[in-house]
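Produce the entire structure from the sequences given, and follow the hints as far as they go.
Line by line, the protein sequences give chains A and B. For the first sequence, the residue numbers in the numbering used here are 1 to 394. For the second sequence, the residue numbers in the numbering used here are 1 to 338.
The set of hints was computed from the structure by calculation and includes no laboratory data. Accuracy of the hints is not assured; some may be wrong.
[Unchecked claim] List time: in silico DSSO-like cross-link candidates among lysine-lysine, alpha-carbon distance up to 30 Å:
no.	chain 1	residue 1	chain 2	residue 2
1	B	LYS78	B	LYS290
2	B	LYS48	B	LYS32
3	B	LYS133	B	LYS76
4	B	LYS78	B	LYS297
5	B	LYS258	B	LYS237
6	B	LYS297	B	LYS328
7	B	LYS183	B	LYS237
8	B	LYS235	B	LYS32
9	A	LYS63	B	LYS140
10	B	LYS317	B	LYS328
11	A	LYS63	B	LYS169
12	B	LYS171	B	LYS132
13	B	LYS137	B	LYS183
14	B	LYS183	B	LYS171
15	B	LYS133	A	LYS63
16	B	LYS171	A	LYS333
17	B	LYS297	B	LYS32
18	B	LYS76	B	LYS235
19	B	LYS290	A	LYS63
20	B	LYS85	B	LYS48
21	B	LYS258	B	LYS85
22	B	LYS85	A	LYS333
23	A	LYS333	B	LYS183
24	B	LYS222	A	LYS63
[Stated by the list, open to error] Listed next, the stretches of chain B that the computed footprint assigns to chain A, with coverage defined by at least 3 CB atoms under 8 Å from CB atoms of chain A:
no.	segment
25	76-88
26	108-118
27	153-161
28	188-201
All residues carry an ideal CB built from backbone N, CA and C; glycine is no exception.
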Amino acid sequence: MTETPQDTSPAKISFWYDPAKRSLLYQLGTLILVGLLGYYLLTNTRHNLERQSIATGFGFLQKEASFEIGESLISYTAADTYFRALLVGVLNTLLVAFIGIVLTVILGTFIGIARLSKNWLVSRLSLVYVELFQDIPVLLQLFFWYAFFYEILPSPRQALNPVAGVFLCNRGLVFAVPVFHPAHLLMGICLILGAGSVWWLHRWAGRRQARTGKPFPLIWAAPAILLGGPLLTWLLAGAPSRMNSPVLSGFNFEGGLTISPEFSALLLGLVLYTAAFVAEIVRAGIQSVGRGQTEAALSLSLTSGQVLRLVILPQALRVIVPPLTSQMLNLTKNSSLAVAIGYPDFVSVAGTTINQTGQAIEGVAMIMLVYLFFSLLTSAFMNWFNKKIAIVER
Amino acid sequence: MKRFAQCVSIILVMVMLCGWAAADTLEEVRKKGFIQAGVNGDIFGFGKPDEKGVWQGLDVDTARAIAAAVFGNADKVKYTPVTAKTRFTALQSGEVDVLTRNCTQTLTRDTAMGLDFCQVNFYDGQGFMVPKKLGIKSAKELNGATVCVLPGTTTELNAADYFRSNNMKMKPVVIENTAELYKAYFAGRCDCITSDTSQLAGNRAVAPNPADHILLPEIISKEPLAPAVRHGDNKWKDIVHYAVLAMIEAEELGVTSKNVDDMLKTSDPKIQRFLGVTPGNGEALGLDEKFAYNIVKQVGNYGEIFERNVGVNTPLKLERGLNALWTKGGLMYSPPFN
Numbered sequence: 001m002t003e004t005p006q007d008t009s010p011a012k013i014s015f016w017y018d019p020a021k022r023s024l025l026y027q028l029g030t031l032i033l034v035g036l037l038g039y040y041l042l043t044n045t046r047h048n049l050e051r052q053s054i055a056t057g058f059g060f061l062q063k064e065a066s067f068e069i070g071e072s073l074i075s076y077t078a079a080d081t082y083f084r085a086l087l088v089g090v091l092n093t094l095l096v097a098f099i100g101i102v103l104t105v106i107l108g109t110f111i112g113i114a115r116l117s118k119n120w121l122v123s124r125l126s127l128v129y130v131e132l133f134q135d136i137p138v139l140l141q142l143f144f145w146y147a148f149f150y151e152i153l154p155s156p157r158q159a160l161n162p163v164a165g166v167f168l169c170n171r172g173l174v175f176a177v178p179v180f181h182p183a184h185l186l187m188g189i190c191l192i193l194g195a196g197s198v199w200w201l202h203r204w205a206g207r208r209q210a211r212t213g214k215p216f217p218l219i220w221a222a223p224a225i226l227l228g229g230p231l232l233t234w235l236l237a238g239a240p241s242r243m244n245s246p247v248l249s250g251f252n253f254e255g256g257l258t259i260s261p262e263f264s265a266l267l268l269g270l271v272l273y274t275a276a277f278v279a280e281i282v283r284a285g286i287q288s289v290g291r292g293q294t295e296a297a298l299s300l301s302l303t304s305g306q307v308l309r310l311v312i313l314p315q316a317l318r319v320i321v322p323p324l325t326s327q328m329l330n331l332t333k334n335s336s337l338a339v340a341i342g343y344p345d346f347v348s349v350a351g352t353t354i355n356q357t358g359q360a361i362e363g364v365a366m367i368m369l370v371y372l373f374f375s376l377l378t379s380a381f382m383n384w385f386n387k388k389i390a391i392v393e394r
Numbered sequence: 001m002k003r004f005a006q007c008v009s010i011i012l013v014m015v016m017l018c019g020w021a022a023a024d025t026l027e028e029v030r031k032k033g034f035i036q037a038g039v040n041g042d043i044f045g046f047g048k049p050d051e052k053g054v055w056q057g058l059d060v061d062t063a064r065a066i067a068a069a070v071f072g073n074a075d076k077v078k079y080t081p082v083t084a085k086t087r088f089t090a091l092q093s094g095e096v097d098v099l100t101r102n103c104t105q106t107l108t109r110d111t112a113m114g115l116d117f118c119q120v121n122f123y124d125g126q127g128f129m130v131p132k133k134l135g136i137k138s139a140k141e142l143n144g145a146t147v148c149v150l151p152g153t154t155t156e157l158n159a160a161d162y163f164r165s166n167n168m169k170m171k172p173v174v175i176e177n178t179a180e181l182y183k184a185y186f187a188g189r190c191d192c193i194t195s196d197t198s199q200l201a202g203n204r205a206v207a208p209n210p211a212d213h214i215l216l217p218e219i220i221s222k223e224p225l226a227p228a229v230r231h232g233d234n235k236w237k238d239i240v241h242y243a244v245l246a247m248i249e250a251e252e253l254g255v256t257s258k259n260v261d262d263m264l265k266t267s268d269p270k271i272q273r274f275l276g277v278t279p280g281n282g283e284a285l286g287l288d289e290k291f292a293y294n295i296v297k298q299v300g301n302y303g304e305i306f307e308r309n310v311g312v313n314t315p316l317k318l319e320r321g322l323n324a325l326w327t328k329g330g331l332m333y334s335p336p337f338n
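Below you can see the structure in the form of structure tokens.
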């Protein structure tokens, strides 16, 4: 007697009770709805703009901007286009964000480490710093620093002159800069080459120490290489030392380089505020490394500096980096508060552009895109860095 | 299925929100019972709350005149302080019904920005204020000056144009908040500050030492300041337009807030038509026949609101100048009310 082969395939499930198909249907439905909504928003906006006869499109970028900008990294006059004006704004934002991030990381790390110091005074001072600066809204801090610069400092005619060629007044810090000479280019190349060789030397010294146990005095060698090359080039080129010095003419100083009170106040405010958060992140990171690690390292007779540099920080970094990234993004985004204290950042320039052209939608879209781009770029870099320092299982 | 229903309801709400569009402002204003007016909030004499929190100023009185015309009650106004930058968006998006916020009428704003300007309520011009101690007598001596300007206005453009056409250099310091901007100027951050002369005078009046600052004689632009409404709502535009004109016409006819009740009994047909004793004007505008009476009775004629807010007896000390009636050498001129 042979059994009829049984149907081994599962019973047919109706369409609605198959989780896979059902979820596919939901996703498809959501996609269609979101798409329709997007389409509706787009056409509705366009219809409304047309009905109110508001101009649209990005054609205005090629028109003459006709407004002046207080400070710029590239040459700019009122006769340039809106595009160039916006570029000036983007560069100003980048400048303050980049310098701000570098200074914040350095200051925050120092304060964070000082917070854990065994010295009572040092650790208390750091605590006061952190509590003070992270508890006051950053906009108030910006107003404070800006008022500090223009209220305390004298007018250009009574400018403070601490060192020859350096003036401090309510128009900013004005100082002499060297007049360009071809040797400067060669000095720059020497510096880059020097940095390359220091990096190579560092790797070589590490390998040698791993092999023979002999340390290499990199801390002395590195500055010698970095500074020696450019200095030698400068001397060989006949020591060109013509300076572009600021002179008082009319209302203000002409020549030299000016760091405006707006830039200084914005940078100072953002750095001091964000560094307080970074300090706490660094402290948390260091404390996350087990006490046994320090004890083990000390028992190997490493100095306390070496313990910090070789044992604790590499492990703490893994905890520090992700929240640090978000603080970097915060600093970049907070830099848009510049408009409150007169620094011509991207939001400020875009605001003037929107006002003159009336094209708010395009302007705001550009503001969002630019900040999104900066943030994604910072994130991408920090994620790469995070991956690099992540624990390697051996 | 519950999640799906949630999604659908959220989307429906969003669609309804987007579909909202102000078509008939008069109808909406009547429905909600008050007028939402966008005002400056920072300029003494034009739109700023006094120490009791009551809004005062020429622009505030303009908004009150519109409320008097629509509701017969000048107090039915709510004020939204808007910055120079946000004002047009606030109007376009329907957040406010009318902008009475010293806005300069320009071609771009009247066309590409989707606005409609009504009768000018103040003829202004851009000037410069400098500290007296600089010893400057003319704006032509300002080459290389650091200039404080407010963003979001025609001021930035006018200043840049003036310096360019005179081959001079300027360094703008652009601060968004009016109060912060003047604070920076008074502390010496800038060599001069540029704005409409009415605003310079208004802010000088509240300066630490008003006598230390002078206005330079050059007027570098025409700034007709006018109330603005959304483009395409002609009925509402007419009402705002004629509310301002009614104050000008009242001054020309000699009707004031004090004598308006006596004027109701006058035999002058022009005044009878104006005050609605002879009907017609109100119906044409879709308003009460007494709208002009209400404006004059509750707010005053143009001369009265000018003297009360910015005139020679106020801290602003402004002469009538261009804002005098056409019969007295100014530009204030109303078409006949018939």
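Hints versus structure:
1. About 22 Å separates the Cα atoms of LYS78 of chain B and LYS290 of chain B, which keeps this hinted pair within 30 Å; it holds.
2. About 24 Å separates the Cα atoms of LYS48 of chain B and LYS32 of chain B, which keeps this hinted pair within 30 Å; it holds.
3. Of the pairs offered as hints, the one joining LYS133 of chain B and LYS76 of chain B is violated, with about 47 Å between alpha carbons and a cut-off of 30 Å exceeded.
4. Taken as a hint, the LYS78 of chain B and LYS297 of chain B pair is honoured in the structure, with Cα atoms around 20 Å apart against an allowance of 30 Å.
5. A threshold of 30 Å between alpha carbons decides the hint, and for LYS258 of chain B with LYS237 of chain B the separation of about 29 Å falls inside it, so the pair holds.
6. Note on LYS297 of chain B and LYS328 of chain B: the hinted pairing holds, with a Cα-Cα distance of about 24 Å set against a maximum of 30 Å.
7. A distance of roughly 37 Å separates the Cα atoms of LYS183 of chain B and LYS237 of chain B; the hinted pair therefore is violated under the 30 Å criterion.
8. Pair hint LYS235 of chain B plus LYS32 of chain B holds up; C-alpha atoms about 18 Å apart against a cutoff of 30 Å.
9. For the proposed pair LYS63 of chain A and LYS140 of chain B, the alpha carbon gap of about 28 Å is at most 30 Å, so the pair holds.
10. Restraint check for LYS317 of chain B and LYS328 of chain B: the C-alpha separation of about 19 Å stays at or below 30 Å, so the hint holds.
11. About 22 Å separates the Cα atoms of LYS63 of chain A and LYS169 of chain B, which keeps this hinted pair within 30 Å; it holds.
12. Taking the CA atoms of LYS171 of chain B and LYS132 of chain B, the gap is near 20 Å; set against the 30 Å cutoff, the hint holds.
13. Between LYS137 of chain B and LYS183 of chain B, the direct Cα distance comes to roughly 23 Å. Compliance with the 30 Å bound is thereby established for this hinted pair.
14. The suggested pairing of LYS183 of chain B with LYS171 of chain B holds, with an alpha-carbon distance near 18 Å, which does not exceed 30 Å.
15. For a cut-off of 30 Å, the pair hint linking LYS133 of chain B to LYS63 of chain A is broken: about 40 Å separates their Cα positions.
16. With a C-alpha separation of about 26 Å, the suggested pair LYS171 of chain B and LYS333 of chain A falls inside the 30 Å cut-off, and the hint holds.
17. The suggested pairing of LYS297 of chain B with LYS32 of chain B holds, with an alpha-carbon distance near 24 Å, which does not exceed 30 Å.
18. A distance of roughly 19 Å separates the Cα atoms of LYS76 of chain B and LYS235 of chain B; the hinted pair therefore holds under the 30 Å criterion.
19. Between LYS290 of chain B and LYS63 of chain A the alpha-carbon distance is near 50 Å, which puts this suggested pair outside the 30 Å criterion.
20. Only pairs whose Cα atoms come within 30 Å are accepted, and LYS85 of chain B paired with LYS48 of chain B is accepted, the gap being roughly 18 Å.
21. With a C-alpha separation of about 39 Å, the suggested pairing of LYS258 of chain B with LYS85 of chain B is violated against the 30 Å cut-off.
22. Our distance criterion of 30 Å between C-alpha atoms is met by LYS85 of chain B and LYS333 of chain A, whose separation comes to about 20 Å.
23. Taking the CA atoms of LYS333 of chain A and LYS183 of chain B, the gap is near 26 Å; set against the 30 Å cutoff, the hint holds.
24. Between the alpha carbons of LYS222 of chain B and LYS63 of chain A the distance comes to roughly 23 Å, so the proposed pair stays at or under 30 Å and holds.
25. Residues of the segment 76-88 of chain B with a Cβ under 8 Å from some Cβ of chain A number 3, which satisfies the need for three, so the listed coverage holds.
26. Coverage of the segment 108-118 of chain B by chain A holds [criterion: at least 3 residues with CB-CB distance below 8 Å; count 6].
27. Counting residues of the segment 153-161 of chain B whose beta carbon lies closer than 8 Å to any beta carbon of chain A gives 6, which meets the minimum of three for the stated coverage.
28. By the rule of at least three residues with a Cβ nearer than 8 Å to a Cβ of chain A, the coverage given for the segment 188-201 of chain B holds, with 3 such residues.
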